[in-house]
Amino acid sequence: MSIVTAKHFWDWFQLKNNESHIVDCKTKEESSKWFRELCNHLQLYYDADFRPLLITIEELGKAAIIFTAEGEHNYFNKIEELVQTAPQLERWRFVALMPPMPPNATLEKDFPSIDLEPDELFFAPDYLEPVDGRYNLQVFVKEETGINADEMLCGFAAQIVYNVLGEKTTGLNINEIRVSYLDDVPIEIRYTVVPLPQLPQYLPIEILTSYTINDQGELTQKPWVVNK
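According to this note's numbering, the sequence shown is numbered sequentially starting from 375.
Treat the hints with care, as some may be off.
Ranges between beta-carbon positions, derived for each pair [to be verified]:
(1) 455 - 425: 14 to 20 Å
(2) 550 - 596: 23 to 29 Å
(3) 444 - 501: 24 to 30 Å
(4) 423 - 454: 15 to 21 Å
(5) 549 - 390: 21 to 27 Å
No more than 30 Å apart at the CA atoms, straight line, and that leaves these computed lysine-lysine pairs for DSBU-like [unchecked claim]:
(6) 407 - 390
(7) 483 - 381
(8) 402 - 516
(9) 596 - 381
Because the hints were derived from the structure by calculation, they are not lab data. Every residue gets a Cβ at the ideal spot worked out from N, C-alpha and C, and that includes glycine.
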């Protein structure tokens, strides 16, 4: 059970808000201290150690905090409850769970030894069938790339999926991700594969919590920061 409630967290945040509303304006030492306090209070609320992502939105003159459970779907409701009860603060925006990002986000930093672009990994839309509501995703890479289809490449593929779907859709709907060589599968599958970043276009819209269909019938990402 949480030691700190959502109300207690926001009471603390508002108390600190006047001195820390745009963290980039503070000294590095002050920012680090404030961020540690933020993480400590969140840990007491989550009863788990998840670190938020703090960013600045220069065009709005604001800062945003993305509260993430790092894919642990059992904590999604708790994070969404926290953001739903957030106060309206002029210089802050609060986001529940990581929204979709560019397919290559964090790949160079997290997988420096893998020299592949996201669209060099593939999947077969015809074989996307949920099991008990969750998808086991088979990903393919061409053997000619010289990249081993090993556990690290599975992590690489999983990060691309997380990037394009966002945290909530990935956590609730993607189960296991495996990688194998495209050259080893039947030829009829090879002719049906599409690049992995196109995955959102082949999943049911009702599970794509960060996407919508626009007036032209196209799949588009919802804005994750609203200028209220």
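Starting from the hint list further up, note which numbers the structure goes against and sort them upward. 5, 7 and 8
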